[in-house]
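Chemist: What follows is each chain in one-letter form.
Number of protein chains: 2
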Amino acid sequence: MFDPSGIAVVGASASEGKIGYEAMANAAAFDGPVYPVNPSGSGTLFGEPFVESVSDIGGDVDLALCCVPGPALPDVLEECGEAGIGAAVVYASGFAEAGDEGERLQARVVDVADEHDVSLLGPNTSGFVVPERDLRCSFASGVEKIPAGNTAVVAQSGGVAHVLAFQSRRQGRGVSAMVGLGNRANVGFTEAIDYFDGDERTDAIVLHVEGTDDGRGLLEACRESDTPVVAYKVGQSDVGEFAESHTGALTGDHELYTAGFAQYGVPTVDATDDLLDAAAALGNSPEPAGPNVGVVTAQAGPGIIVTDRIQRAGGRLPELGAETRARIDDVLPGVTYTGNPVDTGRPMPEFGELVTAVAEDDAVDIVLVYELFEEALGFPVASLSGLAERVGKPVLFATEGVEEEMAEEKAALAEAGVPTFETPERAADAAGVLARYAELSARVAAEEVSRDA
Amino acid sequence: MFDPSGIAVVGASASEGKIGYEAMANAAAFDGPVYPVNPSGSGTLFGEPFVESVSDIGGDVDLALCCVPGPALPDVLEECGEAGIGAAVVYASGFAEAGDEGERLQARVVDVADEHDVSLLGPNTSGFVVPERDLRCSFASGVEKIPAGNTAVVAQSGGVAHVLAFQSRRQGRGVSAMVGLGNRANVGFTEAIDYFDGDERTDAIVLHVEGTDDGRGLLEACRESDTPVVAYKVGQSDVGEFAESHTGALTGDHELYTAGFAQYGVPTVDATDDLLDAAAALGNSPEPAGPNVGVVTAQAGPGIIVTDRIQRAGGRLPELGAETRARIDDVLPGVTYTGNPVDTGRPMPEFGELVTAVAEDDAVDIVLVYELFEEALGFPVASLSGLAERVGKPVLFATEGVEEEMAEEKAALAEAGVPTFETPERAADAAGVLARYAELSARVAAEEVSRDA
Numbered sequence: 001m002f003d004p005s006g007i008a009v010v011g012a013s014a015s016e017g018k019i020g021y022e023a024m025a026n027a028a029a030f031d032g033p034v035y036p037v038n039p040s041g042s043g044t045l046f047g048e049p050f051v052e053s054v055s056d057i058g059g060d061v062d063l064a065l066c067c068v069p070g071p072a073l074p075d076v077l078e079e080c081g082e083a084g085i086g087a088a089v090v091y092a093s094g095f096a097e098a099g100d101e102g103e104r105l106q107a108r109v110v111d112v113a114d115e116h117d118v119s120l121l122g123p124n125t126s127g128f129v130v131p132e133r134d135l136r137c138s139f140a141s142g143v144e145k146i147p148a149g150n151t152a153v154v155a156q157s158g159g160v161a162h163v164l165a166f167q168s169r170r171q172g173r174g175v176s177a178m179v180g181l182g183n184r185a186n187v188g189f190t191e192a193i194d195y196f197d198g199d200e201r202t203d204a205i206v207l208h209v210e211g212t213d214d215g216r217g218l219l220e221a222c223r224e225s226d227t228p229v230v231a232y233k234v235g236q237s238d239v240g241e242f243a244e245s246h247t248g249a250l251t252g253d254h255e256l257y258t259a260g261f262a263q264y265g266v267p268t269v270d271a272t273d274d275l276l277d278a279a280a281a282l283g284n285s286p287e288p289a290g291p292n293v294g295v296v297t298a299q300a301g302p303g304i305i306v307t308d309r310i311q312r313a314g315g316r317l318p319e320l321g322a323e324t325r326a327r328i329d330d331v332l333p334g335v336t337y338t339g340n341p342v343d344t345g346r347p348m349p350e351f352g353e354l355v356t357a358v359a360e361d362d363a364v365d366i367v368l369v370y371e372l373f374e375e376a377l378g379f380p381v382a383s384l385s386g387l388a389e390r391v392g393k394p395v396l397f398a399t400e401g402v403e404e405e406m407a408e409e410k411a412a413l414a415e416a417g418v419p420t421f422e423t424p425e426r427a428a429d430a431a432g433v434l435a436r437y438a439e440l441s442a443r444v445a446a447e448e449v450s451r452d453a
Numbered sequence: 001m002f003d004p005s006g007i008a009v010v011g012a013s014a015s016e017g018k019i020g021y022e023a024m025a026n027a028a029a030f031d032g033p034v035y036p037v038n039p040s041g042s043g044t045l046f047g048e049p050f051v052e053s054v055s056d057i058g059g060d061v062d063l064a065l066c067c068v069p070g071p072a073l074p075d076v077l078e079e080c081g082e083a084g085i086g087a088a089v090v091y092a093s094g095f096a097e098a099g100d101e102g103e104r105l106q107a108r109v110v111d112v113a114d115e116h117d118v119s120l121l122g123p124n125t126s127g128f129v130v131p132e133r134d135l136r137c138s139f140a141s142g143v144e145k146i147p148a149g150n151t152a153v154v155a156q157s158g159g160v161a162h163v164l165a166f167q168s169r170r171q172g173r174g175v176s177a178m179v180g181l182g183n184r185a186n187v188g189f190t191e192a193i194d195y196f197d198g199d200e201r202t203d204a205i206v207l208h209v210e211g212t213d214d215g216r217g218l219l220e221a222c223r224e225s226d227t228p229v230v231a232y233k234v235g236q237s238d239v240g241e242f243a244e245s246h247t248g249a250l251t252g253d254h255e256l257y258t259a260g261f262a263q264y265g266v267p268t269v270d271a272t273d274d275l276l277d278a279a280a281a282l283g284n285s286p287e288p289a290g291p292n293v294g295v296v297t298a299q300a301g302p303g304i305i306v307t308d309r310i311q312r313a314g315g316r317l318p319e320l321g322a323e324t325r326a327r328i329d330d331v332l333p334g335v336t337y338t339g340n341p342v343d344t345g346r347p348m349p350e351f352g353e354l355v356t357a358v359a360e361d362d363a364v365d366i367v368l369v370y371e372l373f374e375e376a377l378g379f380p381v382a383s384l385s386g387l388a389e390r391v392g393k394p395v396l397f398a399t400e401g402v403e404e405e406m407a408e409e410k411a412a413l414a415e416a417g418v419p420t421f422e423t424p425e426r427a428a429d430a431a432g433v434l435a436r437y438a439e440l441s442a443r444v445a446a447e448e449v450s451r452d453a
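If you're matching them up, the sequences are chains A and B in order. Numbering follows the UniProt record's numbering, in which position 92 of the first sequence is assigned residue number 92; successive positions increment by one, without gaps. Numbering follows the UniProt record's numbering, in which position 319 of the second sequence is assigned residue number 319; successive positions increment by one, without gaps.
Hints are not guaranteed to be accurate.
The list treats identical chains as interchangeable, and a pair is accepted whether it falls inside one copy or across any two copies.
Said to hold, decoys possible - In silico EDC-like pairs for lysine to aspartate or glutamate, Cα to Cα no more than 20 Å straight-line:
id	residue 1	residue 2
1	K18	E375
2	K145	E375
3	K18	E48
4	K18	E350
5	K410	E353
None of these hints come from the bench; they were simulated from the model. Here the structure is a predicted model, which is why all the values come from computation and not from measurement.
Same shape as in the complex, but just chain A (with noise of 0.2 Å):
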């Protein structure tokens, strides 16, 4: 499915605006074979000869995107596996989140799959998008903008896995994948964990989930990760009926979900842009030993915000140790506050030098840094670059100023690989998010340990 060979666009058309032409547009920029399949199509598309059946196509093709209406699946999906294409998008609604008669075909479009085994997309979903290898899976117009990362994007809904994707370009990061999974008739959570879990390109995967009915497979999956997850669960409040007309499934009891996610080790956010902020923070830190930040800032009152906002999330904000103090008195006698966070009052070139003394104190585990940019001054980014690896901790820096001004200090970050992140609250949930995580996997561990003993 991720990693085809070649692509078969079912229902390819070429007329504008429908989703069999806009599925061509998009998987045409594929540098393997792309077919456009259609009994009535002639001449080519997108440069491309249309062909009549996939049956007419050789071995090259592993991958059908089907742009044909729900009905016409099961004989598409029949031929699909005779052609010994193992893997289908389908893009179609009108299955179980659409009744009693939907629910049948849906059943009936599972059984042919399974029956031919291929793995199967949807129905019900915008598809998938692996941008590294211009792999557009998707009717979605932009799709061709969405940056490469390190971030999987598994989402229940195929309209939020592109409001993930879009967010993450606007964020100045990326994606490995994203991938909306829509009704996950054979293709759900627990495969998608799995294949990303194994991806190279993948750091960090990230569920955004409305509900399932497979619970324990989900979070069994999460477990045996060795890729960092974070969960995005909604349906908080009473939206059940929408809900469940949209992909079919209840979004069940959201404490229950939380609780669980917990147990499995799994940290658990509360909005789309928390999602990718923690796993900007997972995919490109080392990981933490425990929940203790060592903030360092240069302005008080969103030092104020950030320490208040750790604490709430999860985090600790542990006393620095007497030698680190002595190292700070040391490099700015009377700095404003030397406490935890350590607060500097203003930018200053001996910020970089603090943050190094904070990140090498052993109580801390995680380290947030807080400046406002000064053109003048610029980023520490010789202190901060191979800090985290050095140390062997996680270290966040968030900052607030002109976008174009601190642009160039800004890649200069991102290049030494330090995550950032755009204001005083996300960061700090991000470091929440962090110190969870240890706490959690250290539970995980434990009762490992215990239940092989």
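Position chain B relative to chain A; hints supplied.
Modeler: For chain B alone, coordinates are given in the frame of chain A:
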């Protein structure tokens, strides 16, 4: 203070990096006279000749930016007062936030200021900016890029004032003014709220509050304000010691503040981005008559997020009227979900008509629209333009897509007065603030009636 004729920069300096240099660099853009004041200065600074003392300046200066150390301040303020300068910004720290000696110094400074009737912003602030007048009384870099808008930012912390102003820029908005109050020696929340309530550039006032010992004054100023006020009270967890070291105020009890704000008609939020979103919603909308939100979405997944979140934020999703349902069915038979939210499944040319139908429903007080951008269709600008004014209800719009592809259409929405939001959660939270504002305002009004009776 916020509308001066001319400015004196006391302690102006030719040494780059010094506050007296940076403050002069920023102030120099002002279109009235700006005087660098320094007895040891010679020649000119940013084209303006140095003067020895404020007493050497004629009567065209009414604001002094004091870039002098704390101990020099009583004399400087006395000279200002005697020269008829009625307002001063004090950047220096080392006052009430820094222990007993600082407290005594601050008391002396306030005495001098009061005696000479000088309004004093600070001490311990980075100042203020009024973009539309090119009035940049801050020493921070980049403030010349803060765009003009209709939100007044009043922050206890100068750092947070800058965070909010730059964030507002990043969000494509702007501020009528941004003010860091610092230690609030004699210009505090009360004075700032009073001023911006009467400021014709300001349609919403946002407060960042760490803590104050004049809670009642603050709350009463909020209630007196005809301009909507939203507050962000920081410090839910214990940050007491660090906060006290900052602006000399305890952060106090978060719940007490929140309840107090509610009682006086002020909705509260819990993050800097939410604060600006709330202002964008309140400052660019007719006053909402109630908490009932009609949601129209082009994608179910974001629609579920929005629905869930509105309900948790204090809004309600009423059932739409029979007439509205019939209109929707007329425009688009078999639309995916005709309850509230109305879900069209994907963007379509009829989308704007559906939004209009929902906006005109009597059960609806607030409208929220979510739509992923599809280039071939654009946004329903024609339908949305003037809609809020016509129906007398706020209409909020949230989207996601490729920024540069959406830019033109987003600008058209801004031109049409439609406030836009960056994530489904933030749009829903803004709708929640509108809902709470409507309920709180109604309660405050009812109390006033019963008190008068």
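Chemist: Against the structure, test the hints numbered earlier, and report the numbers of the ones violated in rising order.
Modeler: Every hint satisfied by this model.
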